[in-house]
Structure formats: structure tokens, C-alpha cells
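Q: Single-letter residue listing:
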Amino acid sequence: MSSEGVGSGPDLSTRVGPLELRNPILTASGTFGYGLEFAERTDLHRLGGLVTKGLSLEPLAGNPPVRIAETRGGMLNSIGLQNIGVDRFLDDVLPGLVGLPPKVIVNLFGYDQDDYVRLAERVDPHAGVAAVELNVSCPNVSKGGIEFGHDPEILRGLVRRVRSATGKPVVVKLSPNVTEPAALGQAASDGGADILSAVNTFVGMAIDTNTRRPVLSTVRGGLSGPAIKPLALRIVWDVAREVDLPVIGIGGVETVDDVLEFLLAGASAVQVGTALFRDPRTAERLVDELRDRLRAEGVASVRSLVGAAARRE
Amino acid sequence: MAAPDATGRVLEVRPLPLRHFLLRIRVDGMEPAAPGQFVMVAGADQAEPYLRRAFSVYGQEPGREGTLVISLLGKVIGRGTAALAAGTAGEDVPVLGPLGRGFHTMAPASAPDDRSALVAGGIGSAGLGLLAQALARAGRPFDFYYGGRGAGDLVEADEFRRLSERTGGRLVETTEDGAAGIRGLVTEALLETIENGKARSAPAYSAIYTCGPHGLMAAVARIAADHGIEGQAALETPMGCGYGACLGCAVELTKGGYALCCRHGPVFDLEEVVW
Numbered sequence: 017m018s019s020e021g022v023g024s025g026p027d028l029s030t031r032v033g034p035l036e037l038r039n040p041i042l043t044a045s046g047t048f049g050y051g052l053e054f055a056e057r058t059d060l061h062r063l064g065g066l067v068t069k070g071l072s073l074e075p076l077a078g079n080p081p082v083r084i085a086e087t088r089g090g091m092l093n094s095i096g097l098q099n100i101g102v103d104r105f106l107d108d109v110l111p112g113l114v115g116l117p118p119k120v121i122v123n124l125f126g127y128d129q130d131d132y133v134r135l136a137e138r139v140d141p142h143a144g145v146a147a148v149e150l151n152v153s154c155p156n157v158s159k160g161g162i163e164f165g166h167d168p169e170i171l172r173g174l175v176r177r178v179r180s181a182t183g184k185p186v187v188v189k190l191s192p193n194v195t196e197p198a199a200l201g202q203a204a205s206d207g208g209a210d211i212l213s214a215v216n217t218f219v220g221m222a223i224d225t226n227t228r229r230p231v232l233s234t235v236r237g238g239l240s241g242p243a244i245k246p247l248a249l250r251i252v253w254d255v256a257r258e259v260d261l262p263v264i265g266i267g268g269v270e271t272v273d274d275v276l277e278f279l280l281a282g283a284s285a286v287q288v289g290t291a292l293f294r295d296p297r298t299a300e301r302l303v304d305e306l307r308d309r310l311r312a313e314g315v316a317s318v319r320s321l322v323g324a325a326a327r328r329e
Numbered sequence: 031m032a033a034p035d036a037t038g039r040v041l042e043v044r045p046l047p048l049r050h051f052l053l054r055i056r057v058d059g060m061e062p063a064a065p066g067q068f069v070m071v072a073g074a075d076q077a078e079p080y081l082r083r084a085f086s087v088y089g090q091e092p093g094r095e096g097t098l099v100i101s102l103l104g105k106v107i108g109r110g111t112a113a114l115a116a117g118t119a120g121e122d123v124p125v126l127g128p129l130g131r132g133f134h135t136m137a138p139a140s141a142p143d144d145r146s147a148l149v150a151g152g153i154g155s156a157g158l159g160l161l162a163q164a165l166a167r168a169g170r171p172f173d174f175y176y177g178g179r180g181a182g183d184l185v186e187a188d189e190f191r192r193l194s195e196r197t198g199g200r201l202v203e204t205t206e207d208g209a210a211g212i213r214g215l216v217t218e219a220l221l222e223t224i225e226n227g228k229a230r231s232a233p234a235y236s237a238i239y240t241c242g243p244h245g246l247m248a249a250v251a252r253i254a255a256d257h258g259i260e261g262q263a264a265l266e267t268p269m270g271c272g273y274g275a276c277l278g279c280a281v282e283l284t285k286g287g288y289a290l291c292c293r294h295g296p297v298f299d300l301e302e303v304v305w
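Just so you know, the protein sequences line up as chains E and B, in that order.
Residue 17 is where the first sequence starts when you use the working numbering, and the numbers rise one by one after that.
Residue 31 is where the second sequence starts when you use the working numbering, and the numbers rise one by one after that.
Simulated from the structure, these hints should not be mistaken for laboratory data.
Careful, some of the hints might be misleading.
What follows is a list of derived Cβ distance ranges for each label pair [what the hints assert, rightly or not]: (1) E/GLU53 with B/ARG196: 38 to 44 Å; (2) E/ARG236 with B/GLY180: 35 to 41 Å; (3) E/PRO117 with B/PRO138: 47 to 53 Å; (4) E/ASP273 with B/ARG167: 48 to 54 Å; (5) E/ARG311 with B/GLY180: 19 to 25 Å; (6) B/ARG196 with E/GLY115: 52 to 58 Å; (7) B/ARG167 with E/PRO141: 30 to 36 Å; (8) E/GLU53 with B/GLY96: 24 to 30 Å; (9) B/PRO92 with E/ASP140: 53 to 59 Å; (10) E/THR225 with B/GLU195: 39 to 45 Å; (11) E/ASP108 with B/GLU301: 25 to 31 Å; (12) E/SER233 with B/ARG167: 38 to 44 Å; (13) B/ARG213 with E/HIS166: 53 to 59 Å.
To list a few chain E residues with every Cβ distance to chain B over 12 Å, as calculated [to be verified]: (14) ALA77; (15) VAL120; (16) PHE218; (17) ARG228.
For every residue, glycine included, the Cβ atom is placed at its ideal position computed from N, Cα and C.
Start from the sequences and build out the full structure, keeping to the hints where you can.
A: And the structure:
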């Protein structure tokens, strides 16, 4: 049994704004389904939290194939936000997650502000939901989220409306595909966000040299995996220093050193994503490795590391 | 359907003609695969390729101390398969599986007109390996149609000849360059047999099972539909995870929407799929 937070071991618990997590390892949206499907492949009990696949008001079938392409050190995806819809999640899936140790964060996306507001209202009465994460940066649906995450005015207005629609902590997941993500983070903060998560995937593409055509049916896709970690880390560093909100780091996390880098850069927790595709047990392994590492280095608590790299400047 | 993530020990990497290879891996605690199921195999190198590669379980046998020895048939196409083909015996590689849903065999074993056609294109024969073995064990007759560009593509022809002949069936080889078997496409050979059977007013096949390039399987699906024969195909799509998390392996369905190749498939009824 794990014993983080008590006894003689290092204290892995972390505070992310209003969220208290038993450890700083979460699974990222779109890489872990709705949580329960993979209970047989990973020990859910070990996670600090899980973020659901992005949910919309109505179910979505997603994009035609080809949806993924492997690249060096990562992959491109253009899944098209395939999901079962918020109602089916709340009715059928959430009851199975309630009572498990990981905090459940529900990722939401819409096509206009009203969608987001309605989604937040649907989720709001459910005690099993610890927070909502707004996908305002998914690069896959051209008429969808991309505008929200790219324009400070629009983002501020959206977050303000969601803020007033729910009492849950509001996480805003930042797009990396802008010149200054921290400026968008500030806009989200001004709108009333509690937490920023950074970053979503980087827009990219791949071409099949045999067919001489783009690999993905949508041409563009989101790049994830170890290839983006230094890029994501830089953005987390900027956002943590420039915006007065707690940050969850996302982008190519696979090793305990990746976790430490994000913490030191200023993230209070991290989300593990694409690495789960290679090894479904990556997240629980990272919990163990983080504990071992802190113990070996005599570090008493995860919280003492958050932002420590900036303090040494 | 729990499929633990196990560590496999590479027992053998056997090079075969035209950059084909056969991997034998001993896996601890892996359940035997059903015909058509697959495994995800990671390279020994953590960084390259990053994602695992999907392989049909071509063969399997009990290993010592409760282990399972699986055989995988591959062809070097990109970095992932190149890394696996360059592996050496004694290496440890993570193996996830068995995954997905395999073939369901339709006619009861005792049906008088039970005769199947197995139609493979090149390395697609790997997806039909366990099925051919199962049919042979059950004494259910089948013909094995094996097509390739050249003779080197028919890597396991001897094995499929042995298995099909055990059931009273036969191996039909075709090559586009005519270097082995009949010159032409394997689907032409299949169609010829079916049409000849029609002339004798006896249906040639009660079921068709196929695995190979998309165009081949699409042609088989047309032939099956035209002649009212039930059939299934083991599909191959790019896969990120193999276990339903990434939603990358969408297959378009005739009834609308998509199914995941890794969970709903990789075996689909021929009429389920938009070819």
C-alpha cells in the first residue's frame, strides 16, 4: 500500500490552488479515456488525479482515419474530439469513479460560449467532480476551441461566464500555438480561472513520402510526446512567473526527471499523456519513482520543489 | 479481457527473404491469443521508435514454467520494424496482449458444405496463422490463397500448404511477376474458384477470411458480397496504444460512425467496414 503524506516517507501531496492532491501525478485528457476503462491496466488508486477525455454536450464520432502518425520522439493526433457526451459520462461513468482516491477533473469543450456554460452547469451538481478543465486550445476542430485560446479578450469573457456557471475550480488548458501563452494565461486569470494547465499539443503535420500525401486526414494534427517537453517546459516557466495562478505542467512527461523539471519550473503537479500509450503504467510508476527519488535526496516534500529553479536565479 | 503488460524475452530473430523476419518471444504470464488477436511490442530502445508496434500473433506454443512462446511475422517497413528486426536473442522487450477481438468461425464444424477460403496478401498471412492452425486441428477444410508481388512475399507458403492439405484443402499461390504459382492477383484466383463452383451449382466456400493490404481485402469483400458468402477481415491500421486509449485507429463502419480497430477489431465482418 502507498502511504504518501503520512509516516516517514517524503510527502508527495501537493496543493494546486483549491485542489488538494495526494501526489502530483495526473493523467492527461485524451490519453486515459474516462478513467475506468483502463482499471485493468493500471492501478487507478495510485494516481493523484485523472483528467477525462474532452466532453461535449453531444457525443462526437471524431475524424476519419488516418488519425495518428508517429514522429521522432512523439506522435501527431487528429482524433477529432471523439467522445461519449457529457450526459453519458455523468450517468454511466462518473458513479464508478466516485470514491476512488484520484481527483476527477472533467475536461470540457464547446463550439461557442453557451456550450461551455451549459457543460459547466451540467457538471456542477456532481460531487464526484473535483474540477473542470476547459479545452480552449484543441487544434483539431477548425470551428471549435481554437479561437477561444488564441484571443485574450475572448478567453477572458469565456472564463468569466464559466466561472459564474459553476462553483468547481476552473482549470484553463493553454494552447502553445500562440506567441505568448503567458498572456493568454493572464487573460484566463482575469476571467476568474483558478488553475492553468500548460500545454496542449503543438500543431504539426507529417507527409508520407511514398504516397506523397499528408499522413493525417485533416493534414494538421497535435504533436505530443517527449519531443515537445523542452517547449512545454519553457511555457510553464513563463506562465508560472508571469501569472499569479498555480500551474499544472503537461508535455512529454515520461521520466521522474521530467516530473522534477516541471515542478522546479513552477508547476504544482503534472499530467502524463502520450507516455501512457507506450506503457499504460507510466503514471503509477512515476509515483513510485518520485517517492524513491525524494527519499534518496532527502527532500521532505514535493511542495518544496515547486518553482525552486526560479528562486535560485 | 485483462491483458497484463508483460516482459518478453526474445528467443530468436530469424531473417527471412525480402526483409521479412520472424520473431520468437517468450512471454511470462500471457494468455494464449485467439486467432486474429494481436500484441503490442516495444523496442528494447526506449526512445526510437517511441510507440509500440502491433503484430498479429502468428503462432504460439507453451513455453517452460507457464510461459507462452509467441511467433510474430514482420516486414521491415519503417523505423519501428527495423529496430525490432535488428534485435537479438536474449533481449527483453515489453509485450502487451493478447489484444482485440479475433475471428469467430461461423459454420458449425459438422456442416456438410463447410469449406473456408483464407486469403492472405504478403505479410498479412501472419493474421491468419492461428486461424489456419485452429481449422486444421478441428479438421475443418480450407483452401489458403496466398498472393504476393513476387515469390519472396510468400514467406510461410510451406506451412500453409501443410495446414491446408491436412484438411483436404490446398494452397493456391499467386504472384504478380509470375515467379511462383499463378501469375496475377490472388483475388482473381479466388474469384475463378468461386465462379467455377457456381457452374457446378455447389457453393465453393461457406466463409472467407482475409488479411492483407487494404485493396486486397476490399476486393475480397466485394467478391464475398457478390456471391453471398460471409466473411471477416483482420484489419491493420496505424495504432498508438493498442488498448483503446488513444482513439487513433478508427475504422469507418457501414452503419455510420467509427469503431476502434484495437478494441472492436482487428477482425471485422466484411460487410461492417466501409472499404
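Q: All hints, please: hold or fail.
A: Checked hints:
1. E/GLU53 with B/ARG196: 38 to 44 Å: Because 41 Å falls inside the window, the suggested range holds.
2. E/ARG236 with B/GLY180: 35 to 41 Å: holds (38 Å)
3. E/PRO117 with B/PRO138: 47 to 53 Å: With Cβ atoms ~49 Å apart, the hint holds.
4. E/ASP273 with B/ARG167: 48 to 54 Å: Given a distance of about 51 Å, which is inside 48 to 54 Å, the answer is holds.
5. E/ARG311 with B/GLY180: 19 to 25 Å: violated (60 Å)
6. B/ARG196 with E/GLY115: 52 to 58 Å: Holds: the Cβ-Cβ distance is about 55 Å, inside 52 to 58 Å.
7. B/ARG167 with E/PRO141: 30 to 36 Å: violated (57 Å)
8. E/GLU53 with B/GLY96: 24 to 30 Å: Check passed, 28 Å falls within 24 to 30 Å.
9. B/PRO92 with E/ASP140: 53 to 59 Å: holds (55 Å)
10. E/THR225 with B/GLU195: 39 to 45 Å: Cβ of E/THR225 to Cβ of B/GLU195: about 42 Å, so the range 39 to 45 Å holds.
11. E/ASP108 with B/GLU301: 25 to 31 Å: holds (29 Å)
12. E/SER233 with B/ARG167: 38 to 44 Å: holds (41 Å)
13. B/ARG213 with E/HIS166: 53 to 59 Å: Taking Cβ atoms as reference, B/ARG213 and E/HIS166 lie about 58 Å apart, which means the hint holds.
14. ALA77: Label violated. Min Cβ-Cβ 5 Å, cutoff 12 Å.
15. VAL120: holds (17 Å)
16. PHE218: holds (15 Å)
17. ARG228: holds (16 Å)
In this structure, the hints that do not hold are numbers 5, 7, 14, in rising order.
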